[in-house]
Amino acid sequence: MNSRIDKDLRELREAHVISDEVSQRITDYYQAKKSGGPRKLFAIFGVLGSLLIGLGIILILAHNWDNFSRFTKTIWAFAPLVIGQLAVGFSLLKNKSRAWKEASATFLYVGIGASISLVSQIYNIPGDMPEFLMTWILLGALLVYLLRSYTAVLLHLIMATVYACNLGYFNEINPWWYLAMIAWIIPFYLRMLREQPEGNATSILNWAIPLSLAITFGAFVSEATNIVFLMYVGLFGLLYNLGKLEVFNSGKLRRNGYAIIGSLGMIYVFMLVTFEFAWAEFNPSEHLTKDIVITVGIFGMACLVLLYLASKKKLLPFNLFQYAFLIFGVIFVAQYWDFQLAVVLSNLLVFGLGIFAIRIGNLRNNFGVLNYGLLIITILVACRFFDTNIDFIVRGLLFVAIGVGFFLANYMMYRKQQKLKSKDHE
Amino acid sequence: MNKLVIGGLFILMVLAQWYVPGNMISQEEKVLTEGTMYKFKTEPIDPSDPFRGKYIVLNYEVNSFRSDTAICKYYDKLYVSIGVDSLGFAKATRIGLSEPEIGDFVIADCSGFYNGKQSFSLPFDTYYMNEDKALLAEEAVREVQRDSLPSVCFGVVYVLGDRAVLDDVQIDGVSIKDYVEKP
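Chains H and D, in that order, are what the protein sequence lines are.
Counting from 1, position 171 in the first sequence corresponds to residue 171 in the working numbering; the numbering is continuous, with no gaps.
Counting from 1, position 133 in the second sequence corresponds to residue 133 in the working numbering; the numbering is continuous, with no gaps.
Just chain D, same shape as in the assembly (with noise of 0.2 Å):
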């Protein structure tokens, strides 16, 4: 091959090794420092990545919403309006197969339809973890809702646009990692 071609080549090469990973890191900058950030009631579980490493998935309560009929078949994208409660958590406030076009929502794969509630899940359910803690987070999580004074895991997830980042899970406001370091 022509040294020229070859140059011009390993340049592309090399572009592109940079921009796939770059692109993915400004993506997800742009959504935590535009986005709106809402907490999402959530019980984490402890499997691992091969290269990835250790992680928790993340089980939402914001999980399904009254309808009369079945709206969308499995693997569908739905589209979840985001508002927050009166406590201050995250709430499914209208789903539907079109983006809708105003405020904030997720998009969402979607499951079953059953006893009139259309479920789906979430595409911001997993959190990577040190791997000495992932499963510490797990216990931790079981232990504080075994209390009689229940604590609160949640999410903290940055909306903007058509991306959602997840950036920390949380007990009580303190950042899952700290916690399970915790005395």
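So that you can see chain H by itself, here it is in the shape it has in the complex (with noise of 0.2 Å):
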């Protein structure tokens, strides 16, 4: 143990502040922490190092070994694979630690890639990325369950994003498979999310779920028209108020990547639309069925984790974000009325949004989501330079306005914290 933590607790005990028996269970509990500690780094460069040598493989291979018979080539096609075979067998046969399980599902997981990248060079196989990556996922697949592996889950969740980006951008297909590899995922996950919450894996995938929902998400958009604007701000608001259920919100905000990537995405979008091209250059009669069809389901279930959050009572204090979805859809539909309202209300929204953020910020003495609201407010008036015929002076004004904000609002929260040290003192 920590000699700094033995000094303290020794002077603690002779000072009769706590008794032998609770330094006893504090010496406990930073051994406990302390055995943890190297079994978990065996576990991250056992993954690493995996990774790194199964990649190293499927490199070596792609070389292209022409000298070597199409025999040859065959069995080191294989060779990758029963390795990888051979030592998830053994870890689930002895049933050896995280770091072994780990470790050789990483492996395994690279070793298939390598083996039918292999097969389809010896043969010239022309079969396209997509449908490369798509065998891979699904040999893959049940890695995930029979080891428990976390790895597997997090590759498993990298490769259907690159399948859905590759299938999806640029052409009209749309990568529905992709909907279900996420669902295979998502027992474990859930799982994940009721055994250990708190723990380094699920916060990863608490971060890398909705990451992947936002990247994949525009493979199912066709970008015809603005409707693209109203399915982005459904899929974030659906994020947001996923990230405001219990078991998110009670963590830290660092672990709640659902609302945070919510909260980014919604105001990167209404920050667009705060433009009058996000209106003024689209018809609103072209909007695909398929377009809609999504937008209503997203908007759907958006609606329903807001009613899932109402039954227990999760929905107070109020809190402007959860509802900025719904009060887009009303500036949606405005635009048929006269797209300048749909601007205007949006550049409300968005100084709404910045003024809600600064109270939440005020509120809970947070530096972090003051200033975000800050930088709200300021990016929508830089926005607005670009397309106003505002004088410099005014401009310039305004700049000088919003850096004095910056300042006396983060003294002022400066000033309430210092208070509330003193009076905790006192």
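Keep in mind that the hints are not guaranteed to be accurate.
[To be verified] Selected chain H positions facing chain D (in silico; Cβ < 7 Å): (1) Asn64; (2) Leu92; (3) Val119; (4) Gln121; (5) Tyr123; (6) Asn124.
No lab work stands behind these hints: they were computed from the structure.
Since the model is a prediction, treat every value here as computed from it, not as a measurement.
Here a beta-carbon is modelled for each residue, glycine too, at the ideal position from N, C-alpha and C.
Dock chain to chain to rebuild the complex, using the hints, since each chain is given by itself in its own frame.
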């Protein structure tokens, strides 16, 4: 154990601040924590090692050793696969440690890719990239549940994301199989949330899943009209509200990828729709049925999450960010009367969200949220400089005013915190 | 999970992981040993794949067939019957949306219809090469085509049933792998 803690404990015991029993429990706690450290590190390095070796093998095989016979190359194609299978079989049979399971799952996952790559190479099989990735994902899918491997889940998610982007972007095919791939890992993820909601692996997935959804969503969107904004707002609204579920919201904010990605995503889209071009250059009558169905579906899901939160009495205190997607839905409909109205309302919405974030930051004494709100308003003002004819003097004064606002808001928060601290001391 | 279920699922996974590449190999080997060999005149260009390495894409001369009207839409499967011309190279003898009853055929991807010609692209257009040789191969072909006595570059393709396997790419009968090593 750390000699500093040892020294402190001795001092506290001698001063009769803590009993011998409490001191022993603290010592035990640190001992247990310390012994968990190297195991975790061993697992992380095992996974990184397997991943690097596996990817290295793929690259070495991709060189194409054309002086070997077809038979020799075929044996090489199966070698990483067999080694990976043996390692996984051994991990399962001997019920080895987490490090073993994670490392062997990683190696086999990459080995599958190496094997089918090389067979395609040997026989000049032209199959396109999405087809190749799909085969790889399917052959590796069982690893998630067999070894209960976090790395296999993460690799599955990454591969599914690459598959969806490969298939869906820059052409008209929708990667519907991506949804099945995500559905496959949901039971495992729910179990992780139940058993270790604060675990590092769970936190990584709390970021990776919403990130994957945000990245691949565009592959389902036709982008023909400005309904694309509504679709994205629906998605980010859904993610934000998911982030407000007890399981995510009760932990640290940095572990809540849903709320952060949802909030940043909404603000990004809202910033875009504060510009006139987002409304003026599209013909709202050209919406595709598929886009409308996806929009309705995603808004429906977001509303269900809101209703669930309401049933659990988790909607108080009021949070404007949770309803922003619905407000934007109304703004979107407003464009049918007058698109200028939609532009004005969008600007008001972003301004309102900025003010609201400042208020939350102030109430919670949180500098991060306070400055997020200030940043939203700053970006909004900066954006307006591009499409309005305001005098340079007025623009300059506005910037100065916001700068002063930044300074004052932070200073006031600092004073408030100091006051609270001094009250605590009294 | 029950140990028996885990064991069963593990064996199932291992078998599937063997079956997919194994099946790919057996299908390709069958075409190579039992199929008919055709020579398709071509011209290669060299791109790269992150997993499978460098390859050359082959633009075949057999890429359209005379027709009064458009026979298919983009990305439709098109059955192209294959014959041999007087010089021994493959040529299209018939195209249609259904499998021909006699003779060898390949399944191509339909593309546009222009000027009385129905265009299509043959599927066996990828030839994987050693990373040091792919670019050299492209340059070699460009070089030989500039010569006063143009050499012929062609893909050696085996056809059996509805499958076709590209076995080699040759310039004047020499494998392109060896051709680029010539001094």
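Hints that the structure is at odds with (numbers, increasing):
No numbers; nothing is violated.
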